[in-house]
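The listed protein sequences derive, respectively, from chains A and B.
Position one of the first sequence corresponds to residue 15 (my numbering), numbered consecutively onward.
Position one of the second sequence corresponds to residue 57 (my numbering), numbered consecutively onward.
Simulated from the structure, these hints should not be mistaken for lab results.
Fair warning: this is a prediction, and the values are worked out from it, not measured in the lab.
You may find that some hints are simply not true.
As the list claims (entries may be wrong) - Computed far set for chain B versus chain A, every beta-carbon distance over 12 Å:
{"#": "1", "residue": "Ala58"}
{"#": "2", "residue": "Tyr61"}
{"#": "3", "residue": "Thr62"}
{"#": "4", "residue": "Lys64"}
{"#": "5", "residue": "Ser89"}
{"#": "6", "residue": "Gly90"}
{"#": "7", "residue": "Arg93"}
{"#": "8", "residue": "Arg104"}
{"#": "9", "residue": "Glu108"}
{"#": "10", "residue": "Ser114"}
{"#": "11", "residue": "Lys116"}
{"#": "12", "residue": "Lys121"}
{"#": "13", "residue": "Val140"}
Claimed, not checked - Computed, partial: chain B to chain A, Cβ under 10 Å:
{"#": "14", "residue": "Asn69"}
{"#": "15", "residue": "Glu79"}
{"#": "16", "residue": "Leu103"}
{"#": "17", "residue": "Asn130"}
{"#": "18", "residue": "Pro131"}
{"#": "19", "residue": "Ala133"}
We put the CB at the ideal spot given by N, CA and C, even for glycine.
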Amino acid sequence: MQALKTLDSVKAELVWHEEPRIGDYDAIVLPGGFSFGDYLRAGAIAARSPALARISSAADRGLPVLGICNGFQILIEAGLLPGALLRNSSLRFVCRWVNVRVDNGTTSFTKKMKKGAVLHLPIAHNEGRFYASEDTLDELNEDGRVVFRYCDADGNASSAANPTGTLDNIAGISNRDGNVVGLMPHPERATESVLSPFGDSDGSLIFRSMLELE
Amino acid sequence: MAKLYTVKVVVANKEGASDPEGETVYRDLVSKSGFGRVKSIRTGKFLRVSVEAPDAPSAKRLVQKMCDELRIYNPAAHSVTVEV
Chain A
15 MQALKTLDSV
25 KAELVWHEEP
35 RIGDYDAIVL
45 PGGFSFGDYL
55 RAGAIAARSP
65 ALARISSAAD
75 RGLPVLGICN
85 GFQILIEAGL
95 LPGALLRNSS
105 LRFVCRWVNV
115 RVDNGTTSFT
125 KKMKKGAVLH
135 LPIAHNEGRF
145 YASEDTLDEL
155 NEDGRVVFRY
165 CDADGNASSA
175 ANPTGTLDNI
185 AGISNRDGNV
195 VGLMPHPERA
205 TESVLSPFGD
215 SDGSLIFRSM
225 LELE
Chain B
57 MAKLYTVKVV
67 VANKEGASDP
77 EGETVYRDLV
87 SKSGFGRVKS
97 IRTGKFLRVS
107 VEAPDAPSAK
117 RLVQKMCDEL
127 RIYNPAAHSV
137 TVEV
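Bound conformation, chain A alone (with noise of 0.2 Å):
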């Protein structure tokens, strides 16, 4: 909500999950955290609730819809995004900053940025491992689907610069219109330079594309 309200122009509402009201709004914002304390699986309970039967429908409508860190596992568990998001391979909840590279600079939160630009951003979480099968992977891969990939300092989505054992380094996605987007970082961690030890703001590169109209 705060890193929202950093922008101008924006009004940020929260949206109670049981009586949704989402057809006023013009984009939504599933954040992280820890719906329903991960149980079953993290963010297969929130995935069933009444507001994503609306976000689902927004979606389909063409709303900008960013699901970050646990909102991007509810978008996974809901049915939004394709694949699953497993365990970390270190078996380690992993908290740094990390570099992530910009796959994919035509979505509704990526269009302030040029494709293989490198962003500073935080990652929080111990379900991170992104796992699809290889048809899935193929599909995402050949509709440039996969948005966010971890990457080294110069851009490599090097083994070395993979900080969670996800597929082919993925950190976030989208759906086919590019409406839908999820990623494991967090940007809204990342809006103002007070915030990154980087002194940068890259993470209100996402909510800007965001704003921006058709």
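Assemble chain B onto chain A, guided by the hints.
Positioned in the frame of chain A, the structure of chain B alone reads:
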């Protein structure tokens, strides 16, 4: 007459999805502790479901339907076994 049946559900990562928890239990505990004949371990999640049904097959069908519709497992990464 409906009876109460106990149905067991096991959710585990598919063969193709690595299971680092199982690998760690195997590598760092079991294989070092004199159980050399154990060759691998896969972990999963277990749910014991009590369900009212007229007979065992319909109890199993109902629980399978519940697992599919509510995505008790994620078909992209998990396999599920349902047993009465």
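Cross-check of the supplied hints:
The Cβ of Ala58 of chain B lies farther than 12 Å from every Cβ of chain A, with a closest approach of about 26 Å, so its non-interface assignment holds. With a minimum CB-CB distance of about 21 Å to chain A, Tyr61 of chain B clears the 12 Å threshold, and the non-interface call stands. With a least beta-carbon separation of about 19 Å from chain A, Thr62 of chain B lies farther than 12 Å from that chain, consistent with its non-interface assignment. With 12 Å as the threshold on Cβ separation, the claim that Lys64 of chain B sits away from chain A holds: the shortest Cβ distance comes to roughly 16 Å.
Residue-level check passed: Ser89 of chain B sits 19 Å from the nearest beta carbon of chain A, beyond 12 Å. No beta-carbon of chain A comes within 12 Å of the beta-carbon of Gly90 of chain B; the shortest separation is about 24 Å. Residue-level check passed: Arg93 of chain B sits 25 Å from the nearest beta carbon of chain A, beyond 12 Å. At roughly 14 Å, the least C-beta separation between Arg104 of chain B and chain A is larger than 12 Å, which holds for a residue marked as non-interface.
Consistency note on Glu108 of chain B: stated as away from chain A, and its beta-carbon is indeed over 12 Å from all of that chain's, at 22 Å minimum. With a least beta-carbon separation of about 24 Å from chain A, Ser114 of chain B lies farther than 12 Å from that chain, consistent with its non-interface assignment. Taking the minimum C-beta to C-beta distance to chain A, about 20 Å, the non-interface status of Lys116 of chain B holds against the 12 Å cut. At the 12 Å boundary, the C-beta of Lys121 of chain B stays outside the reach of chain A, the nearest C-beta of that chain being 15 Å off.
Every CB of chain A lies more than 12 Å from the CB of Val140 of chain B, the least distance being 21 Å, so the non-interface label holds. The beta carbon of Asn69 of chain B comes within 7 Å of a beta carbon in chain A, closer than 10 Å, and the hint placing it at the interface holds. With its C-beta approaching chain A no nearer than about 9 Å, Glu79 of chain B sits inside the 10 Å limit, and its interface hint holds. Annotation: Leu103 of chain B was flagged as interfacial toward chain A, and the flag holds, the nearest CB pair being 9 Å apart, inside 10 Å.
Restraint check, Asn130 of chain B versus chain A: the minimum CB separation of about 5 Å is within 10 Å; hint holds. The interface hint given for Pro131 of chain B is met, as the beta carbon of that residue sits about 9 Å from the closest beta carbon of chain A, less than 10 Å. A least Cβ separation of about 3 Å between Ala133 of chain B and chain A falls short of the 10 Å threshold, and the interface hint therefore holds.
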